[in-house]
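Residues per chain, in single letters:
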Amino acid sequence: MSSPVGSFLRAIFLLHAITVGLGCGDGSPEKDKVHLVFAVAAGMSERPKYQAAVDEFTRENPNVHVQILEIPGNYYKKLTVMIAGGNPPDLMWMGSGFAEFAQRDLFLDLGDRIARDIDPRLFPPQTLDWYRFNGNQFGIPFGIDLYFVAFNKSLFDARKVAYPTSGWNYSEFLDKAQKLTVDEDGDGRIDHYGFRGEMDISLFAASTMSEDGQRAFFATPQVLDYLQVNLDLVQKYHVSPPGSQLPNLVVDDPVSVFRQGGAAMMIMATWDLPFLRERCRDMDWDITTNPVIRRPAHWASSQAVLISRTTKQPELAWTLAKKFLGESFQRSMADRVLPSNQEVARKVVLENSDKPHNLAALIKATNSMYRIPSIPNMTEIGQLWFNARQRVFSGRTEPTQAMVEMQKQVDRLIRDRKRLAR
Amino acid sequence: MGKRENWLAAWFVAPNAIGFAAFTLLPVAAALLLSLFQWDIFHEPRFVGLGNFRNLLGWVNDDGEWRAGDPRFWQFLGNTFYFMLAIPLTMAASLVLAVVLNQKLPGRVFFRTIFFLPSICMGVGVLLLWKFMYMPDIGMINRALRSLGIEGPDWLSSYHWAKPAIMNVGIWASMGGTNMILYLAGLQGIPPEQYEAAEIDGANRWQQFWNVTIPMLTPTTFFILITSIIYGFQGEFDSAYVMTQGGPDGSTTTLAYYIYSHAFEYFNMGYAAAIAVAMFVLILIVTLINWHFFGSKVHYV
Amino acid sequence: MSRNAGHWLRIIISYVFLTLVGVTMLFPLVWMLATSLKAPAAEALDLKQLLPTEKLRWDNYAIVTGETSFARAFFNSAIVTLSITFGLVATSSLAAFAFARLNFFGRDKFFMGYLATMMVPGVVTLIPLFILLRKLGWIDTYAALIIPPMFSAYGVFMLRQFFLTMPRELEEAATIDGCSKFGIYWRIILPLSKTAIAALAILTFIGTWRSFMWPLMVTYTNEMFTLPVALTRYQETYGVQWPYLMAGSVVLVVPMLVVFVLGQRFFIEGIQVGAVKG
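Protein chains in written order, with this note's numbering: chain R, 1 to 422; chain H, 423 to 723; chain P, 724 to 1001.
Incorrect hints may appear among the rest.
Below are the EDC-like pairs computed for lysine to aspartate or glutamate, each with C-alpha atoms no more than 16 Å apart in a straight line [as the list claims (entries may be wrong)]:
id : chain 1 : residue 1 : chain 2 : residue 2
1  : R       : Lys418    : H       : Asp462
2  : R       : Lys153    : R       : Asp284
3  : R       : Lys418    : R       : Glu398
4  : R       : Lys312    : R       : Glu172
5  : R       : Lys322    : R       : Asp335
6  : P       : Lys904    : P       : Glu894
7  : R       : Lys355    : R       : Asp282
8  : R       : Lys322    : R       : Asp55
9  : P       : Lys904    : H       : Asp623
10 : R       : Lys77     : H       : Asp462
11 : R       : Lys408    : H       : Glu487
12 : R       : Lys355    : R       : Asp284
13 : R       : Lys77     : H       : Asp492
14 : R       : Lys347    : R       : Glu327
15 : R       : Lys77     : H       : Asp660
16 : R       : Lys408    : H       : Asp492
Note that these hints are calculated values from the structure, not bench results.
Whenever a hint applies, use it, and build me the whole structure from the sequences.
Quick look at the structure:
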């Protein structure tokens, strides 16, 4: 073999030897300890919080070694691949993907343990329902994410409009939005919109699916009401820019839009709070709860740590899972997600001096939080709903026609899945 | 004689073939086989024979009306073909760039690097930047158009404009990328004597391009065409996922995206595999047609 | 050769064209650089505020590269990418030579089989391949990162097509002189294919260096992450830390640029088929 190739190969082998040597020490399981694997979807700033809770657990249970699997990006996809490989983690973070995984028996029923160890008075009543599926209870959320309205105080001051307060109704909202929609330079184009975002369906006393997911209620007056009110904001009252309720454009970076004066009021969620605080430090802003349209409601989602059904250490896993319901962890996460533990929440509000000053309203809003029931085939139905909303909010289809079609599609889907399951 | 070459060939092919068989061929075969099963990943696969294909390609009589078993499949197939219209555009662009950058201009390496940049910087970050630029009221593109007096459409939410908007990003990102490098390599392989001979015969630069460059590049063009078709059928996932999530109303969803949805969102792995099989057959047919049609036009030395 | 007006016109047009189009190509990198020097709370997506308004935050780079996992991730990426590039080019060129120049039983059908595997998307092969690696015990090891990606059919296809274009006169002459097939491969085909091999090596290096999905799927522990995977940790559950992410992305891009530029010496005219004449 000629010299350069040979030496290159030697270099590779050497590097491999070094790395194997290096790699051996890390994470190699110590033989006499119990092992738990905990998968998290945490980023750089969240990882230490989970680590702290795990460290506390390890101090109290020195015979246990917990391996934290950080899965940055594509969390559910990677989790699925791990499960397909026959290797589910003992504990895992869970969010909106819950329904699909629960439908497939991934989780351990914690009903008995919760009844035994958890004081239900500490958690808002609906909290216990979050991770219920098919009558089994698989966990309790450690954090609750709520939608709310963030508003730009300077824009309000400039137009001499009163700030919104909790309990405000639709006509007050519309009034403010109209006053805040301005065409400053008179060129016929609106320069600042009053409102940007979607008035969530929960505000319209509408439920689109039954709790068991077998019946759909799309072609109902309440749903049509929801669609029409949102459309009116754009087409009739012009307080929102066209397309501002479109699902794919709503998602990504509302804080950037907010910061550039995209709208005086915007729908945001608790997970945007850290970015609001950071990037809008030089802005005067605050938050308030959703206006009461047909009923007070706040669309919410939650985060929890659940346990795999096939874990070999259910009791230890449960002990670790309880750490996330405890004060220190919930406090550490309180900057971006509401603590589910009411006592902790109360303390956080009392001690909060940073923006948003109206944090108490949010905590109170958890009493009227609205959650989407976890139903079978949730993602597929969700995709149909996503498409239907796009059709309506982009003006391509009339609401009534779109909902009739949607109803038909969902009915068909449920029927097809039932047929397949036989 | 033949037998000796068989033995010899085995030595050449083996290092690649063994790994190929284990890590490429085997998973592909397994994936294709999965199409005969229904598998939600969490439980054991269940054999359903051609059931998935019947649902995918068949027609169903429901409530008294005939409808396609999976109308989405056909819509996404159409989308995939639409996106593949970008292939000739990108190939032409890469060729032009390669020809320009093959000249002995000072700074050509600098320019080659610049044109190569988008293909390596492509990632979620840049895609989000593009998404922001496409936003109708505050995005850069519409702002620029407004200064020229044109009111731009709602690019990513418009049924008509979403596909071209995404294609545009794809063409921009890839025209200075792989294909440009391959054309540069191909241009290197054209002996200067060919140009000299043509010039002696009185051909001007334009004629030289058509009569020397293009024919001598046919092997490269052929390779680029075949690979572009093969990958084009499976393409356009990342940008659609980040910018439009397959919308509006499925107009930017390709077959590849649909396969991903069934595999990892609906946990319908067998059905996803069935779509992959259908796509595979389609790619195979189209590739074979192109291979025979263009293969005969390739000018090998 | 006369240097007429047409010649200069052609040059000017070339430069104008290159500059105009080049500017649009440049902006993502400019954006990445500018964003990477901003304060953590600064605006990232609005191009009107492209340039940092405050003092340039060079320490963003220090923070990102100082992360304990960064050095390890960089190292992993280097090992994995170099190994794959070398392995892929070596094995593919051998196999491509066989497909292009040797006559063996079932050769073209076998080659079509190679091609066919390119027609099945990775989404569906991911899980079967993952299960296979689990059975081999390779999950979360360098083996899983390095070995499967080495065997893609693209390289074999590309080099086979290239080898087919090589003139046979040299090989015939060498065979008459008693050269073995391997000798032909080693002493004639490879040296004359420098450009194609370089192209494949560059493309493989770059493709592997920035590959994210595969390393994400087969690694568990932070110590085995490659650089793109490690950088994703700046994308939080619901939001992105732009300046750090961009600083990391710039660091990710630099080696690829270096490889590209260094590889260009194989793309300068003159190192090519001229051997036949003399």
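Evaluated hints:
1. A distance of roughly 15 Å separates the Cα atoms of Lys418 (chain R) and Asp462 (chain H); the hinted pair therefore holds under the 16 Å criterion.
2. Between the alpha carbons of Lys153 (chain R) and Asp284 (chain R) the distance comes to roughly 5 Å, so the proposed pair stays at or under 16 Å and holds.
3. This hinted pair does not check out: Lys418 (chain R) and Glu398 (chain R) have alpha carbons roughly 30 Å apart, beyond 16 Å.
4. Restraint check: the Cα-Cα separation between Lys312 (chain R) and Glu172 (chain R) comes to about 56 Å, which exceeds 16 Å; the hinted pair is violated.
5. For the given pair, Lys322 (chain R) sits about 20 Å from Asp335 (chain R) by alpha-carbon distance, which is inconsistent with the 16 Å threshold.
6. Annotation: proposed proximity of Lys904 (chain P) to Glu894 (chain P) holds, straight-line Cα distance about 9 Å (limit 16 Å).
7. Straight-line distance between C-alpha atoms of Lys355 (chain R) and Asp282 (chain R) comes to about 11 Å, which keeps the hinted pair within the 16 Å bound.
8. Note on Lys322 (chain R) and Asp55 (chain R): the hinted pairing holds, with a Cα-Cα distance of about 13 Å set against a maximum of 16 Å.
9. For the proposed pair Lys904 (chain P) and Asp623 (chain H), the alpha carbon gap of about 39 Å is over 16 Å, so the pair is violated.
10. For the suggested pair Lys77 (chain R) and Asp462 (chain H), the alpha carbons sit about 13 Å apart, so the restraint of at most 16 Å is met.
11. Between Lys408 (chain R) and Glu487 (chain H) the CA atoms are separated by roughly 13 Å; this keeps the pair inside 16 Å, and the hint holds.
12. For the hint linking Lys355 (chain R) to Asp284 (chain R), the alpha-carbon distance of about 9 Å falls within 16 Å, and the restraint holds.
13. For the hint linking Lys77 (chain R) to Asp492 (chain H), the alpha-carbon distance of about 24 Å lies beyond 16 Å, and the restraint is violated.
14. Among the hinted pairs, Lys347 (chain R) with Glu327 (chain R) is consistent with the structure: their alpha-carbon atoms are about 10 Å apart, no more than 16 Å.
15. A distance of roughly 15 Å separates the Cα atoms of Lys77 (chain R) and Asp660 (chain H); the hinted pair therefore holds under the 16 Å criterion.
16. Distance hint between Lys408 (chain R) and Asp492 (chain H) is fulfilled; the C-alpha atoms sit about 14 Å from each other, no more than 16 Å.
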